[in-house]
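*Asks:* Sequence:
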Amino acid sequence: MPPEITSFHEPLTAALKRKALRGEPGSARNHLLAGGDGWRVVEILCTSGPGDPSVEERFWSVAISLVLSGTFSYRSARGSWLMSPGALLLGNAGHTYQCSHEHGEGDRCLSFQYDPGLFEDLARDSGVSKAQFSSDRVPPLRATAQLTARAVTAMQMRESFEELALELAGTALRICRDLHPAPVAWSRRTEMRIAEVLRYLESGAVHSPRLEDLARVAGLSRYHFLRAFKYVTGVTPHQWVLRARLRDAAHRLATSHSPVTEIALDAGFTDFSNFIRSFGAEYGVSPRRYRAGP
Numbered sequence: 004m005p006p007e008i009t010s011f012h013e014p015l016t017a018a019l020k021r022k023a024l025r026g027e028p029g030s031a032r033n034h035l036l037a038g039g040d041g042w043r044v045v046e047i048l049c050t051s052g053p054g055d056p057s058v059e060e061r062f063w064s065v066a067i068s069l070v071l072s073g074t075f076s077y078r079s080a081r082g083s084w085l086m087s088p089g090a091l092l093l094g095n096a097g098h099t100y101q102c103s104h105e106h107g108e109g110d111r112c113l114s115f116q117y118d119p120g121l122f123e124d125l126a127r128d129s130g131v132s133k134a135q136f137s138s139d140r141v142p143p144l145r146a147t148a149q150l151t152a153r154a155v156t157a158m159q160m161r162e163s164f165e166e167l168a169l170e171l172a173g174t175a176l177r178i179c180r181d182l183h184p185a186p187v188a189w190s191r192r193t194e195m196r197i198a199e200v201l202r203y204l205e206s207g208a209v210h211s212p213r214l215e216d217l218a219r220v221a222g223l224s225r226y227h228f229l230r231a232f233k234y235v236t237g238v239t240p241h242q243w244v245l246r247a248r249l250r251d252a253a254h255r256l257a258t259s260h261s262p263v264t265e266i267a268l269d270a271g272f273t274d275f276s277n278f279i280r281s282f283g284a285e286y287g288v289s290p291r292r293y294r295a296g297p
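Quick note on numbering: our numbering labels position 111 of the sequence shown as 114, and the sequence is numbered without any gaps.
Please keep in mind that the hints were generated in silico from the structure rather than gathered at the bench.
Ideal Cβ placement from N, Cα and C applies to all residues, glycine included.
Some hints could be false.
Quick list of simulated restraints, FRET-style, between CB atoms [stated by the list, open to error]:
#, residue 1, residue 2, range
1, G120, E60, 19 to 25 Å
2, P28, R219, 15 to 21 Å
3, D55, E123, 19 to 25 Å
4, S224, G26, 39 to 45 Å
5, A284, R61, 35 to 41 Å
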């Protein structure tokens, strides 16, 4: 199994195995990782599946949640979204929502939560006039790449989350202000097909997926699959796979002593010069400079 699947997916896989052995219903487990004055970081591990009910919940604080593994449907008054690894789920305090797993079992998220008063201060300091999100989701974008990679690394290294939490709030507010995506409305069948592809990619079943292979998994022509994937996830299949590989590479650069060439190959880059170019474009520095730290 490729390293990116092992590092991000393993806790969820273990939790789903325990659920199956015990014959238990799906549930969500929250684990507080860090916190301070007006902010906290919580790991959320959910084992719900197609047979578990979806209930309406409410955000009691402002939330920015990074999806680490798994896929799930997220619904609010704005519409419906399919959440997948690398995306940010955005929630305003007091707003209601529903999450469901009709297309597969489980997900794991890293949730940054803010008291409304602190979030208003952060919005003002970031030059954003309104301390509310106008969208429920930010797809895996280059603008969030460094912060999401740092978030995953911080979980393993148990480093301070405070600077990361403050930076992430400002970044998400600015992106959301400029993004203004229209609510997504797709057929359940389309959502099911794309969710199947996303879980296929997470499973590590193929190391170098081709567009035609992914379209075959979805049961669509390449043209219609490309349109459907971008419509549902917010990015193209190539962008989704590339950013997943680069997140894994960044994580391993920060937490291991493996040679850069080995990390590139394990992450799915057969051309080392392509890895260097892609990493530099995504993170603004070379892999070796990234490993050296700030």
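*Asks:* Give a verdict on every hint.
*Replies:* Structure-based check of all given hints:
no. : hint                      : in the structure
1   : G120 with E60: 19 to 25 Å : 22 Å, holds
2   : P28 with R219: 15 to 21 Å : 34 Å, violated
3   : D55 with E123: 19 to 25 Å : 36 Å, violated
4   : S224 with G26: 39 to 45 Å : 41 Å, holds
5   : A284 with R61: 35 to 41 Å : 40 Å, holds
Checked against the numbered hints above, the structure violates hints 2, 3; every other hint is satisfied.
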